[in-house]
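Engineer: With chain A fixed as given, assemble chain B onto it according to the hints.
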Amino acid sequence: MSLPDRIDPRPPRRIYRWDLDKTYLQTDFDSLRDLLRTAFQKAHEKVAVPGASALIRELSEQGDSRLCIVSGSPKQMRAVLEEKLKLDGVKWDEFVLKDNVGNLLRGRFRALRGQVGYKLPAILESRVHAPVEAEEVLFGDDAEADAFIYSLFADLIAGRVDERVLSQVLEAGGVYPDDAERVRAAWKKIPVSDPVRRIFIHLDRLTPPAQFSAYGPRVVPIFNYFQAALVLLADGHLTAPQVLKIAVEMVQTAGHNIITLSNSFQDLLRRGLPLQQAAIALSQALEGPNKLLAAMRPMPDILSAFSKRLAALGTPPPPPPVQAVDYVKLIHHALPRNHKARTKPAQ
Amino acid sequence: MEAMVGTQPQPVTIAFDVMGTDHGPAEVVRGAAMLSLESPHIHTLLVGDRTLIDEALAETKHNGERISVQHAADFVGMDEKPGEALARKPNASVAVAARLVKEGEADALVSAGNTGAGVLACARHFQLIPGVRRAALATVYPTRSVRGAKEDPFSLILDVGATVEATADDLVTFAVMGSAYARIISKNERPKVALLSNGVEPQKGPPRVVEAHARLSEMADINFIGNVEGIDIPKGTADVIVTDGFVGNVCLKMLEGVHDTVVELAQYAYKESLRWRAGLAMLSSGIQRIKDITDWNQYGGAPILGFDKIFIKAHGRSKSRAIANAGKVAAKVVANNLGHAIREGLKK
Numbered sequence: 006m007s008l009p010d011r012i013d014p015r016p017p018r019r020i021y022r023w024d025l026d027k028t029y030l031q032t033d034f035d036s037l038r039d040l041l042r043t044a045f046q047k048a049h050e051k052v053a054v055p056g057a058s059a060l061i062r063e064l065s066e067q068g069d070s071r072l073c074i075v076s077g078s079p080k081q082m083r084a085v086l087e088e089k090l091k092l093d094g095v096k097w098d099e100f101v102l103k104d105n106v107g108n109l110l111r112g113r114f115r116a117l118r119g120q121v122g123y124k125l126p127a128i129l130e131s132r133v134h135a136p137v138e139a140e141e142v143l144f145g146d147d148a149e150a151d152a153f154i155y156s157l158f159a160d161l162i163a164g165r166v167d168e169r170v171l172s173q174v175l176e177a178g179g180v181y182p183d184d185a186e187r188v189r190a191a192w193k194k195i196p197v198s199d200p201v202r203r204i205f206i207h208l209d210r211l212t213p214p215a216q217f218s219a220y221g222p223r224v225v226p227i228f229n230y231f232q233a234a235l236v237l238l239a240d241g242h243l244t245a246p247q248v249l250k251i252a253v254e255m256v257q258t259a260g261h262n263i264i265t266l267s268n269s270f271q272d273l274l275r276r277g278l279p280l281q282q283a284a285i286a287l288s289q290a291l292e293g294p295n296k297l298l299a300a301m302r303p304m305p306d307i308l309s310a311f312s313k314r315l316a317a318l319g320t321p322p323p324p325p326p327v328q329a330v331d332y333v334k335l336i337h338h339a340l341p342r343n344h345k346a347r348t349k350p351a352q
Numbered sequence: 002m003e004a005m006v007g008t009q010p011q012p013v014t015i016a017f018d019v020m021g022t023d024h025g026p027a028e029v030v031r032g033a034a035m036l037s038l039e040s041p042h043i044h045t046l047l048v049g050d051r052t053l054i055d056e057a058l059a060e061t062k063h064n065g066e067r068i069s070v071q072h073a074a075d076f077v078g079m080d081e082k083p084g085e086a087l088a089r090k091p092n093a094s095v096a097v098a099a100r101l102v103k104e105g106e107a108d109a110l111v112s113a114g115n116t117g118a119g120v121l122a123c124a125r126h127f128q129l130i131p132g133v134r135r136a137a138l139a140t141v142y143p144t145r146s147v148r149g150a151k152e153d154p155f156s157l158i159l160d161v162g163a164t165v166e167a168t169a170d171d172l173v174t175f176a177v178m179g180s181a182y183a184r185i186i187s188k189n190e191r192p193k194v195a196l197l198s199n200g201v202e203p204q205k206g207p208p209r210v211v212e213a214h215a216r217l218s219e220m221a222d223i224n225f226i227g228n229v230e231g232i233d234i235p236k237g238t239a240d241v242i243v244t245d246g247f248v249g250n251v252c253l254k255m256l257e258g259v260h261d262t263v264v265e266l267a268q269y270a271y272k273e274s275l276r277w278r279a280g281l282a283m284l285s286s287g288i289q290r291i292k293d294i295t296d297w298n299q300y301g302g303a304p305i306l307g308f309d310k311i312f313i314k315a316h317g318r319s320k321s322r323a324i325a326n327a328g329k330v331a332a333k334v335v336a337n338n339l340g341h342a343i344r345e346g347l348k349k
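As given, the protein sequences belong to chains A and B, one line each in that order.
Okay, so the first sequence: first residue is 6 according to this note's numbering, each after it adds one.
Okay, so the second sequence: first residue is 2 according to this note's numbering, each after it adds one.
No lab work stands behind these hints, which were simulated from the structure alone.
Treat each hint with caution, since some may be false.
DSS-like mimics (lysine-lysine), calculated; alpha carbons at most 27 Å apart, straight line [stated by the list, open to error]:
#1 A:Lys193 - A:Lys103
#2 B:Lys103 - A:Lys313
#3 A:Lys91 - A:Lys47
#4 B:Lys62 - A:Lys313
#5 A:Lys313 - B:Lys90
Covered, in the sense of this in silico footprint (three residues per stretch, anywhere, with C-beta under 8 Å from a C-beta of chain B), are these stretches of chain A [unchecked claim]:
#6 211 to 225
#7 267 to 278
#8 314 to 321
A virtual CB, placed ideally from N, CA and C, is assigned to each residue, including glycine.
Excised from the complex, chain A in its bound form:
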């Protein structure tokens, strides 16, 4: 367990946990060539997913939050990754990287690619030190096991998963005994509470969203970070002007436009996310003191497009049902995929 990277004496009200590769950074490692290129990239050559850094900066504006990064990248990349985050203006509180050299030297080959035995103890140990009332929002991607691990983390600390199921999952996930022991030890130290509000899964591989429905409505697959910002506005983590700032950045720097943003909005509505109030808040943000934003075309047009997309659906769909997650059944989602499975397009 690494020490916190930033000392903030105030207890955090909110904790935002981020993965890096394919979640924050646009990374290709589906082939050996991609892997090598990624390993030797300099900080300025690395590219963040559009809107990710803006979202992190806006979330940190609240001042009483913590940014905890747990990445599967090797520890040897710490310097270049930290430099990249600094270039993007991202300030972090914890930054955990994987000890792949250690795993290799100790002959722990399953741990090289396994995610459950790495990320689950890391985020549980981080939670041990958090105030019981601190809410959590987690960000991952569809390339590996993030939806599974984050959901299991949430349900473990909420007391919805028992020791028997945890043992079955750790065994089926090929977790080494010492890592399994770390999971159990940290879990026992955490008071029972239900702090995880959302788990965002960036659809880097464009996995069909229905593949995450087994995790319930807490997991929200997203095509871009404007979608995450809209949900976080509805959840009270961001204000409407902050969402507009993120949208403006995505329009100005990443080629997004009135169509992609309004389609992104409607996509969430069709999946049953209650964003009607968020849309009203965005409209109101363009009035009064935020005239500067209104002047920044094409925001007014985008909001008008939102109204049309909303009307196009007729009656809003019901929210997806909350359900218990069957982790034993879903463990195959968390197992490392072979090269063929990784490169095969999802149906």
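Structural biologist: Quick look at chain B alone, frame taken from chain A:
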């Protein structure tokens, strides 16, 4: 030449009538999903039953940034009479989609549903281009020859059913529209245009064909090669063949019938005799090539020409690949401003 902004093609939105096809809404949704992955500049507006669309979309790999949905409660079935059905169902998906194109929410319409309902919905919502009296339903068919920069094996024939009795004026208009379409889609700068008749001589055929022949011969901007006969259709003698909707439809159905019969004969031969089977096996690569060329899934859809907005009619049996390709054809027609090309052609 595809319209470009810098190095990026202009964004285009295509409305898809999702309902009323032979393979059901999910197949159209899969086609649109495919398009969202393959063509970043094409946005799709799926019109139909929202619940069915969302169910299909959630299970299909797609890019949600490039797809939106417009709910439409009704649809026109394949076996319904278009006029009656649209009167009873003003919110049928094809009518809603046509209205959205008219209102500028989308740039073109693609439908694999009831052809008559599609044409009628367009007639109600779109305007005919000045100088066009009747719209024409065109279709492409495979030929022995290739044409244009893309070495396109397909020729265009129009009209195949929209205007049963065409006048000489109509035939000339069809020639201008077909020529413009072939120029854009096949990248064929000077497409060869011919009138379908019962002989190659200028005086052969009914009076309207003879009159159209005389007028087309004087139009310098049309590469008019005169009359062709039925035998010239599969040969690919012309790139664009002009006829009225009655004759065109008979030709189209006959071409489809011949294709189906050849396939059935090959299947019969395969089952009937070991020697024939061996022969077919030896020809398998050639047969595959012919199948590839004649596979209508590859060319997507055929246009209704003459309206100020674009309507691409995909085959009712279209699978996802054909739907995606129909969307690409529609986007290409929009990007190259077919309406402008037709208007310019008719002025001359």
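Engineer: Any hints from earlier that this structure breaks? Give me their numbers in increasing order, please.
Structural biologist: Failing hints: none at all.
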